[in-house]
Amino acid sequence: VVSTQSTGEIIKQVDAFPKVDQSYVTTNSFGGLVTLLCWAGISLLLYSEIMDYLTPKMQYRYTVDKEAEKSLDINIDMTIAMKCSLIGADVLDIWGQDLGGTDSLKEELVPFELSENQKHFLKLQKEQKTGGLNGGAAALHDLMGDYGVHLVPRQDSGNEVPKDACRLYGKIPVSKVKGNFHILSGRSVKLPGMGHAHLQFGEVHRNFSHRIDGLTFGDRVGGMHYALDGEHRIAPISDYSFQYFIQIVPTLYLTDAVNVQTYQYTVQEQIRAVDHKAGSPGTAGILIKYEFSPIAAIVEKKQKNLSIFLARLLGIIGGIISTSGLINLVITEAFDWLCCLKKTESVKTEDVK
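Residue numbers (our numbering): 736 to 1088.
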C-alpha cells in the first residue's frame, strides 16, 4: 500500500508539543506587561553576554623561570641635575662584577628645566599610567610623533635655558641576578682587580635631583607601562639619597597575533637626607637595587568558546521565558482567587440581607 500522506503531514503527526487552539487563548494587560518586561530582560542580558564574548579575558598563570641563565639589557634614559663631568654611573651584580656604567652609556649636556610641551607630555604619561586619562594613548601619540617613548624634544629654541644637567642613556648588558645601578658624584674609574672608585676633586655642590625618562629591563614593548617612566624627583638639599628597590618579574604575553616576552617590575622607594652628624649615615646619590624573581608570569588572552557562548544565549532566552510564564501564571491565579473570594463574600452578604 502506497501512502498518500505528504511529508508535511507525516512530520505533523510526530509533533510532541501539543498546541492550544487560539479560541481558548485569552490575553490581558498584565500578561502584555510581563511579556514586555520579558523581552526587555532578554535584550539586556543578550547584549551583556555578546559584549562579554567579544571582549577577550586575560588569564594569569605562573611557572618557574626557565631562562634564568639568559642575559638581558638594562635600558636607561635619565637626566641628573649635575654636569656630566661631576658624576659617574656603574652597575655591579651580587658577585661584585663590574658590568659597566659611564663607559657603556652615552652622555649629553641638556637643560634640566622642562619646556611647556615636555611638562605636558610627562603629565599625560603619568595620567595614563594611573588610568586617569581617557584616550591617553592617542593624546601621547600626538605629542610623541616619531620620537618613541622617551621625553619629547623641546619645542622652544632652548638657547636661553642653561644646560646644567647630564642625560645618561643607553644599554648595559646584565645577567639575571641581583645587582645595583648607582650614580654618585665623581667620575668612575676602574681599578684593576678592585672594581671601581669615584674620584672627585675639590668641593662640589651635589644636586641629585633627577628625572627618569625611561627605565626598562629587556627590550621595551610598545603599549606597556613601566613603573619609573616619567618619574621626577627633586633633592631639597645637597646631600640627599634616592634609593629604588625593584622586583622584576619575567612576563610572557600570549595573544592570537603575537607572543611577547617582557620584564615587568614593581618599585619601592626610600628617600632621605644624608647627615652623619645627625645619625643618618649613607652616601648621597641615586641607587637602584634590582632583583629578578625566579617565578615567571604567563598572561594569556583567551576568547570564550563559541559553543559555550551559544549555549549561554539559549539558556538566557529559555530561562527568562519559562520564569516569566511561571510568574504570570502565579500572579494571574492569585488575582483570580482574590476576585472569586470577594464575589463569594458579596453573595453571602446579599443572602443575609
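It should be emphasised that the hints constitute simulated quantities derived from the structure, not laboratory data. C-beta: ideal position from N, C-alpha, C; glycine also. Careful, some of the hints might be misleading.
Said to hold, decoys possible - Here are the computed lysine-lysine pairs in the PhoX-like style, where the Cα-Cα straight-line distance is at most 25 Å:
hint, residue 1, residue 2
1, LYS841, LYS854
2, LYS1024, LYS805
3, LYS792, LYS841
4, LYS801, LYS1039
5, LYS906, LYS801
6, LYS841, LYS1024
7, LYS854, LYS818
8, LYS818, LYS1024
9, LYS801, LYS898
10, LYS801, LYS1024
11, LYS747, LYS818
12, LYS861, LYS1037
13, LYS858, LYS805
14, LYS805, LYS861
15, LYS1024, LYS913
16, LYS805, LYS913
17, LYS1039, LYS792
18, LYS898, LYS805
19, LYS792, LYS1024
Stated by the list, open to error - Ranges between beta-carbon positions, derived for each pair:
hint, residue 1, residue 2, range
20, THR1001, LEU779, 15 to 23 Å
21, LYS792, GLY905, 37 to 45 Å
22, ASP954, HIS855, 48 to 56 Å
Proposed proximity, LYS913 with LYS1024 (alpha carbon, max 25 Å):
holds, 8 Å
Can the restraint linking LYS906 and LYS801 be considered satisfied, given a maximum Cα separation of 25 Å?
holds, 24 Å
Keeping to a limit of 25 Å between CA atoms, is the pair of LYS801 and LYS1039 held or broken?
It is violated: about 29 Å lies between the C-alpha atoms, which goes past 25 Å.
Hinted pair LYS841 and LYS854, Cα distance within 25 Å:
holds, 24 Å
Is the straight-line distance between the alpha-carbon of LYS801 and that of LYS898 25 Å or less?
violated, 46 Å
Check the hint pairing LYS854 with LYS818 against an upper bound of 25 Å on the C-alpha distance.
At roughly 22 Å apart (the allowed maximum being 25 Å), LYS818 and LYS854 satisfy the hint.
Below or equal to 25 Å on CA atoms is what counts here, so check LYS818 against LYS1024.
Roughly 24 Å between the alpha carbons, so the hint for LYS818 and LYS1024 holds.
With the threshold set at 25 Å, check whether the alpha-carbon distance from LYS801 to LYS1024 stays at or below it.
This hinted pair holds, its Cα atoms lying about 23 Å apart.
Check the hint pairing LYS792 with LYS1024 against an upper bound of 25 Å on the C-alpha distance.
violated, 34 Å
Do the alpha carbons of LYS861 and LYS1037 lie within 25 Å of each other, as the hint requires?
Judged against 25 Å, a Cα distance of about 29 Å means the pair is violated.
Check whether the Cα positions of LYS858 and LYS805 lie no farther apart than 25 Å.
Status violated; Cα separation ~36 Å.
Satisfaction of hint between LYS818 and LYS747, Cα-Cα up to 25 Å
Violated, at roughly 93 Å.
The structure fails hints 3, 4, 9, 11, 12, 13, 14, 18, 19, 20, 22 (numbered hints given earlier, in ascending order).
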